[in-house]
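Visitor: Assemble the whole structure, with the sequences as input and the hints as a guide.
Residue numbers (numbering that gives the first Met the number 0), protein chains in the order written: chain A, 0 to 97; chain B, 0 to 151; chain C, 0 to 1074.
No lab work stands behind these hints: they were computed from the structure. Note that this is a predicted model, so its numbers are computed, not measured. Idealized CB from N, CA, C, for every residue including glycine.
List time: in silico PhoX-like cross-link candidates among lysine-lysine, alpha-carbon distance up to 20 Å: (1) C:LYS43 with C:LYS388; (2) B:LYS68 with C:LYS728; (3) C:LYS411 with C:LYS558; (4) C:LYS160 with C:LYS194; (5) B:LYS147 with C:LYS727; (6) C:LYS728 with B:LYS147; (7) C:LYS399 with C:LYS388; (8) B:LYS99 with B:LYS131; (9) A:LYS46 with A:LYS12.
To give an idea of the chain C side of the interface with chain A (calculated C-beta under 10 Å), a few residues: (10) ASP152; (11) ASP178; (12) ILE204; (13) GLU213; (14) VAL225.
Counterexamples of contact, computed for chain C against chain B with all Cβ distances above 10 Å: (15) GLU3; (16) GLN9; (17) ILE155; (18) LEU326; (19) ASP369; (20) GLY491; (21) GLU496; (22) LEU590; (23) GLU971; (24) ILE976.
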Amino acid sequence: MEVTQNDTEIILKLESDLTGDTVEELRIELLKSLEEQGSRVAVDLQKVENIDSMGLAVLIAAKKTSKQKHIILTLTNINEDIHNLFQLVHLAGFFDLN
Amino acid sequence: MDKRTISRNDKTTELATFYLGDALCGIDIRSIQEINRLIDMTRVPQAPDYVLGVLNLRGEIVTVIDLGKKLGLSPATITSNSKNIIINYQNENVGLLVDKIGDVLEIDTRNIEPAPANLEEIQGRFFKGVLKDKKVLVGILDLDEALKDKDQ
Amino acid sequence: MIIEDEETLQMYVEESREHLADIENDILAIEECGDNIDEELVNKVFRAAHSIKGGAGFMGLNNIKELSHKMENVLGMIRDGKLTPNAEITNILLEASDVLREMINDVHNSNDINISQYVDALNTISESISPSEVSEKPKEKEPVPSESKYTFDVEIEEVNKKLQKGNFIYIANCDLISDVQEKGKTLNEFILSIKDCGEILDCTIDIESAGTLENILPENSLPLHVLFASIIEPDLITTVFDIDESKLITIKDDSELTPFLKKHVTPTTEESRPTIEDDMTEHPEKDGKDQKELKPRVEPKSAPSKSRQADSKPIAQETSLRVHVQLLDSLMNLAGELVLSRNQLLQAVSSGDQHQLEVISQRIDMITSDLQEAIMLTRMQPVSNIFNKFPRVVRDLARKLDKEVELQLEGKDVELDKTIIEAISDPLTHLVRNAVDHGIELPEERARAGKNPKGTVILRAYHEAGQVNIEIADDGKGLDPEVLASKAVAKGLITEEQASVMSDKEKVNLIFYPGFSTAEQVTDVSGRGVGMDVVKTNLDKLGGEVELDSTPGKGTTIKIKLPLTLTIIPSLLVSTSGDKYAIPQINIKELLRIPSSQVKDRIEKVGNAEVVRLRGQLLPLVRLADALDIERVYFDRNDGQSKPDRRKSIADRRSKTSPYFYNNGENHQVQIPETVEERRSGVDRRYHASSAVNIVVVSAGPLKYGLVVDELHDSEEIVVKPLGRHIKKCRGYIGATILGDGRVALILDIPNIAKMTNLTSVDASDRALEVSRAAAKASEDIQSLVIFRNAEDEQFAIPLGLVQRIERVKKSAIEIIGNRKTIQYRGRNLPVIGIEEVVDVKPLADYEELEVIVFQIANREVGLLATGPIDVLDIAIEIDTDTLKQQGILGSTIINSQTTLLLDIYGLVEALYPSWFTELKFVEVDNGESVTVLLAEDSDFFRAHVKKFLEDEGYTVIEAEDGMVAWNILQERSDEINLVLTDLEMPNMDGFTLTEKIKTDDRYKHLPVIALTTLADEESIEKGKAAGVDDYQIKLDKERLMEGIYKVLKELVPESDNFSDQKSSKTQLPGHLST
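Guide: See below:
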């Protein structure tokens, strides 16, 4: 995955589906990014077509942490299927998706 | 009068007419429950003088009133022409003694004019209006006013 | 899912209604018991709930089943002593039973009703004791950590729809990681697999339970909860999508789902107590409101809003009746008998057996009556049907208002016709609520006033005088008549003057006037003020009456009287003047029939007051014909017709217009025939059986009197029917009935007949009778005088014999027309005069109540105004004719040490109404000019008096001071004399002897003898008749005396043509009498 950082936020862009090992990677990155209070973190899921349960768990955990630390965590470029799924399980609101 | 098909629209209505003394009066036929010959009545002592008595109408006690007298005429003379018109007044059946039954008239309500001060000795306030039918004046009775008790 | 079979369903409904009938009162009773649990009672309610539950399950009535099940649980706990029924629990049970009843009554929609709050509340109760957690519990075990909460955001209706379509509702609780991932599925796939077998209603991930970034791996849990609907049955569902049975919850109805619905808050959460106002405003929309909003109301304050709902419902519009099995058996028997009789009848008719027909018709008669009665009885319902809801009403209302009130019910078994019961339910409710709301004060107030802090309201029903009475009495603060009166004046309902003459009771009854309300704002608890006149109107419609009695500080009693319309009452049929009337049996004490021969002994008369002696007491008599003002008739046996009866009194053996006649020593009287033919045929109707007197002794409260009627007929049970509006106002009738022959008979109002005029008789008449009888024995010339006053300190007297009647009237009853006074008397105007109008005396005292002494003068009735005390004395008096004499005064005397003026009633009347008399005079002079009368009278005063008016009329008078002198004069001047007027009590020779002598002497027996008397009792009359007296007259009854003389003289000349010569001033008298 690609990690970019600019003045306003840290962007974690995934290169493949959020499954299996990728999940672990993301988790570690997220742990690192969610250090500073008041910062912004974005997870770019443009290239993600599938998310498995663990991946979902990680995202959820990350969001929880970000809330606690007053960090704005967003998920961007989500495709329609994933978006629908999130809506189904009432996570769309949780993740502040439009 | 043989009834031709009556076209019911807002403007026409059927009037049942009858004589009280010399006055020809009419009431909407829909107010009438039935018209009977006079049968034996039981007198009611101490009742107002216009009450002739009571009779048994299929189990209901119906008061029979000398309508003419109630409206100020002299007491009715009962003849073979006298009839008892049963109407429904304030939830009870009341019988009105009239001198003679006239025809049923189909009238145009637009032709109804205000009642004169009196019609053949009956005060105008008892009428809703008058109508001329073949040169005869018919007074359309205001039953509420006519049957009202003095004390009411 | 509700059973299709309507019949079975209805049966269930009926049964359930039965179970629910007493449930409310039973629950209240259970509460009363408190710790002393009445196991039987609790069991009773338990069984009721149990039965309802059982049937409901079978019928597919899920809500009913659920609710009754919950109730059963709670009740079971109470029975087992695990729970003490306190106020909160009772309230919840009551509310639940209300809803249960609602559902039973609307059974088809029962499954749609939202009962969740009641279920929750009941759950709370039952679970608060049980060891399990309080949080909402799904039925099966849940693997999900119990602390986790998850809710679905779904509409209950949607769920219900699914259920109704035959779906099963499931909740799948899986862990995405352990259940899904581990099994090699993605979330997507998992979801899809669920979608394959049904419809996902909602799903949610338990975010809370997800781990954190740090510990996520070790945790490995991400709970997912899916609510979905599927037609696949529970047994199969687990195979269809791979899930562990333990992770699946099957939801059978929406109530089970409720814990999982969004916004659900656990019952143990303390909510802010809703205030009364909140309750009120929420109340109207409560049912059927936003289904998602569920606030279980554990708080007691929720009760009142529910109770309002409870009693604003009409009594379940039942189209069925509860009838005692015994009654049904009677009906069956009667029907059976009727069938038998009918068979017999058919036989008898075809065989022509007359005797048999008679026997059978009697039987059928009896059976029909019994049948009629039995059927009517089925309609009679005990008043407890409506009374039973009041304990609840009072309890709830009292609690809401923080008052302590106890309700006592009396007369629950009093029965009323079903329709009347239904109609009074609302008015009664209103009145009971009023009593609690506005009558009973707050406990502190009551304590301060020295009353028991707990107020009492008594609701009592009883029969009285043929009516049903219902009383609502409270010991509250009562109504202040002054406050009410001033309020009424302020509202323009009455004027100040009217208010000033009202009694307290009248003022307090102002509350029934339309537009009245003393509450500053109308509380919506009882809508008072707005309601009272509505109550009255409703009762009026039923023909009932309502009356209020109140003592400020002590309490208020409202009395309702209900008429017997639609009821059958036993009665006696009578007839008078050809018409039949019915007298309610309840008023009848006994029947009295006086054979014609005894009439004159038993019936006595004073003036016009008739009385009969009944076992030593005097019973006043009222002639029905008179009371109703009908023309009296008698039935003439000869020509079979009813004719006007001109007899003045029952005992009057002579008609007013004719004197006695002899009938050759036969010792009875004969009516003077009206026509010549009758006279010749010697008809005598008085001694026929039909001349007997029929008296119905009736009572109306304390008042007892005898009603004289023409004929007595049978006793019959009659249906009371109301009279129309135009007749309703007639006092005298309580209704009418239709007789067997189809004719209408009026039913008499016995109390009112006694009060028909607004005058009441004074006791003087009774006393007068006693007195006059005693006096008859005396030999002195005793006068019966009526003593009275005008001004307070001036005394007057008038002979009793002239008095028709003495009545008491209210000053206000006197009407003034022009400068004449009158009062209403028996439907006519009675002119009344005051002594001071003619005589120079002090004016009438200004009392509220006055006496009117009624006379008959110049064929008219006139009343003399007087004031009490009225006394009747028999005294020998000395009359001073000189001093104090003026028109209208005959003289003066001393009575009881006071100067008393003796009134000349004729003089008085003549002065005021001279026109009355001129006619009379005219008639008399023509025929009386040269007639000479021998007047035997020992009292100078009376002799002079009678002489005077004889001479006024143109007669010539020869005076004699006693019988002896008269006899002598007669012998000397017999040819001059046409007529003898004699006093009875005289020294030397009394009138009886004189008469005898005259009548037994051939020379004089043709002479008519008129006896003058001061008394009018039968004994004297008898004696006189025995002596041969032709007629009796009262000494000072000038008019009648003149008439009497006139008639007597006329009789001597039977041929009419002698009278045709009107021009001649001389009467053509038979030869030997003419001068």
